[in-house]
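*Asks:* One-letter residues, chain by chain:
There are 2 protein chains.
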Amino acid sequence: MKPVKIGLCGLGTVGGGTFNVLRENAVEIAARAQAPLEISLVGARRDNPLCDLSTTRVTRDIFDVARDEDVDIVVELIGGTTVARELVETAIRNGKHIVTANKALIAEHGNEIFALAAEHGVAVRYEAAVAGGIPIIKALREGLAGNRIEWLAGIINGTGNFILSEMREHGREFSDVLAEAQALGYAEADPTFDVEGIDAAHKLVILASLAFGIPLQFESVYTEGITRLTPQDMDYAEELGYRVKHLGVAKQSDAGVELRVHPTLIPKERLLANVNGVKNAVLVEGSAVGPTLYYGAGAGAAPTASAVVADLVDLARDISAEQENRVPSLSVTDDALRDLPIVPMADVVTPWYLRIEAEDKPGVLSKVATILSDLGISIEAIIQKAPPPGATRVPVIVLTSHAAQGKVDEAVARMEALDSISSSISRIRVEELDG
Amino acid sequence: MKPVKIGLCGLGTVGGGTFNVLRENAVEIAARAQAPLEISLVGARRDNPLCDLSTTRVTRDIFDVARDEDVDIVVELIGGTTVARELVETAIRNGKHIVTANKALIAEHGNEIFALAAEHGVAVRYEAAVAGGIPIIKALREGLAGNRIEWLAGIINGTGNFILSEMREHGREFSDVLAEAQALGYAEADPTFDVEGIDAAHKLVILASLAFGIPLQFESVYTEGITRLTPQDMDYAEELGYRVKHLGVAKQSDAGVELRVHPTLIPKERLLANVNGVKNAVLVEGSAVGPTLYYGAGAGAAPTASAVVADLVDLARDISAEQENRVPSLSVTDDALRDLPIVPMADVVTPWYLRIEAEDKPGVLSKVATILSDLGISIEAIIQKAPPPGATRVPVIVLTSHAAQGKVDEAVARMEALDSISSSISRIRVEELDG
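Protein sequence lines correspond, in order, to chains B and Z.
Going by the UniProt record's numbering, the first sequence opens with residue 1, and the numbers climb by one from there.
Going by the UniProt record's numbering, the second sequence opens with residue 1, and the numbers climb by one from there.
Please note that a few of the clues may not be correct.
Within a straight-line C-alpha distance of at most 16 Å, the following computed EDC-like cross-link-like pairs (lysine to aspartate or glutamate) qualify [stated by the list, open to error]:
hint: 1; chain 1: B; residue 1: Lys268; chain 2: B; residue 2: Glu239
hint: 2; chain 1: B; residue 1: Lys268; chain 2: Z; residue 2: Glu269
hint: 3; chain 1: Z; residue 1: Lys268; chain 2: B; residue 2: Glu269
hint: 4; chain 1: Z; residue 1: Lys407; chain 2: Z; residue 2: Asp347
hint: 5; chain 1: Z; residue 1: Lys385; chain 2: Z; residue 2: Glu359
hint: 6; chain 1: B; residue 1: Lys367; chain 2: B; residue 2: Glu357
Derived from the structure by calculation, the hints contain no laboratory data.
Fair warning: this is a prediction, and the values are worked out from it, not measured in the lab.
Based on the provided sequences and hints, a complete structural model is requested.
*Replies:* Structure, rendered in structure tokens:
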């Protein structure tokens, strides 16, 4: 059988991992793809000592790969959104299929890239862009094709989840665990993309577009990071029966689509609440199947390579079958994409956790309760304990029922205006995740 | 776009569910399949009141469906292994693709059916045969195609899992919960297939064949049911840090392949240990990706229909692309299947939980410890408590380290031969599920 020729761009962590997985599992992969997957050309600025390149063509100019005659599929693993975009578009114009792990590229420029690919009759695959080795893209695009997806919620950034797990398990402060995460290599020197939720937002927008059949719209995602969470919030959440996770949430309703990344209280008994460390997991509610969960390694050389190779095998099967564009990039063709409105955050309805640091004076609780009641916000639970000796402030924890964020914004503003409440109120959304 | 014509055989729970999912989600499904999926003909002994058949051709002879000119794909949802086999083979000989939910049919006759399908150039799909709506077949066949699968372990029978969840949560006896399960419709009047693990074994053999590229071999699966478990075993397991689940386990090693269904102690902190009620979950360890878990509804009309439709969309995409046999039924072609030996149960190595009812006499513990030590079986943990007043017997709980079953068989035989141990010893295998 005619080998399928791979052009590998980038030989960093993921590139090196992909190279090695293709080599180590060559026999199984060839049996599944029904054709050998041959690394025809590698484009990389420098060699990777973990890769044996002795029998491989290597070029220092990755654009060579995009134009090489002996390449069927270009694998883009260089990252970033400028050179990577040019590379991918050049490859598409040269009739190459694309496999990428680049969430930022797809989230921010996917619409244009998919349109170009459709025009040239080639496929763009990106399983590796979201949740590492977990085949979630395939599940949404194919495995759940019989469902209307009602919503999905995911732990899709391992760095953030590692930090929150450590904070909860050991009562450590955010900045302390962040420093450790950086030392361990779980977080970059500039950790903004992870802890502010930008990385998760890139991934969420890809999942949502597949799930709901809408164009990619990264700029529409509400993004809130985890830097203001405290171990005390974790403890109160636990007492109320919840855990705090950094979730990407996408929902569709008659009002439109919600796209949001933020800290979230979720019930302790959910499987999602028990996903710890750097693992990822995505919970998807389908109209026929109900809730389904997909869990595994969200990052790392070999897990991400696993996803890249899954896409390569899929494409190889298509190429062998001489059908090279079998599944549209976003599961449906461009003309079937829907222009659904994005629900403004003020209209998003969830329960809320509020932590109010109040002066230990009579009447504070009653004022808080009145403010909430005036705005039609019901209280699910309250925790107020006697303050430690000598403390002048006492934390009051409120769990509200479902309320529109706009109402909660107003309630918090009114509470913060009270004399007896002198610092800003901590707020975390709640998701029950029960269908 | 030319519609893809479906011939639906069986209008029971799953058939009715499939009919309705195809109708309700027709627009989304057509957008994904890139062609409408049209129910061209229904074969059913009687109508289903939940299905509006007013605009559908219906026949009382399902073999009409297998031969009808206006059918591209035959969906077999009648169950059983005799008529269903004949139906499927007739359809294949008439050039129809097959989608089925029939685990027994695939497990017991899959090799012949797949060979016939390959001969006739048609596809056989069976996502719905294992774990309901969870796209596990697709994950193994495609999503994890870059991995060597080291092992998998699954809760793949919802009835059994419901029973064990109730036993653990409420301390109820097996027979009591079984009666309730039957009343609730979670278990058949003859519950043997569920509680003895036969249903799980059918499903396990399918997963293992996909995972390891081996022929289906249902008769090689070791099957042990849950009828002898007691709530006391659940309590002791909990005390040792474990939960008891009815698992299907498939592993490959240098010695060959292990295929076994049996009660298993698994660590409490595993996600799998927290899957309760009628839900299913499969944990798969891939050589590149590491552990991945897939969770959701394992049965029911709509969840199973979700899986049937996923296969239909896949096939429709193939048919639209004019490539009708893109992915081999077992992920690899027949000639790439491997004839791996099945490891005999005596050679299977796991830790063991033993519950020994011993006379409350001095020296029993020492005898037990000596027997184990003589056979080279290490002890991980022991629980022995003071017996309640008036009791003459005291339970001794032993958790061994890894030991070959043959050794443990011998140890148990020697213990049961002691005077001070007058009843049979309860034994449950342990799986750490940590890679």
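*Asks:* Each hint should be assessed against the structure and marked as holding or not.
*Replies:* We went through each hint and held it up to the structure:
no., hint, verdict
1, B:Lys268 with B:Glu239, "holds (10 Å)"
2, B:Lys268 with Z:Glu269, "holds (13 Å)"
3, Z:Lys268 with B:Glu269, "holds (13 Å)"
4, Z:Lys407 with Z:Asp347, "holds (9 Å)"
5, Z:Lys385 with Z:Glu359, "holds (13 Å)"
6, B:Lys367 with B:Glu357, "holds (13 Å)"
Violation of the numbered hints given earlier is absent; every hint is satisfied by the structure.
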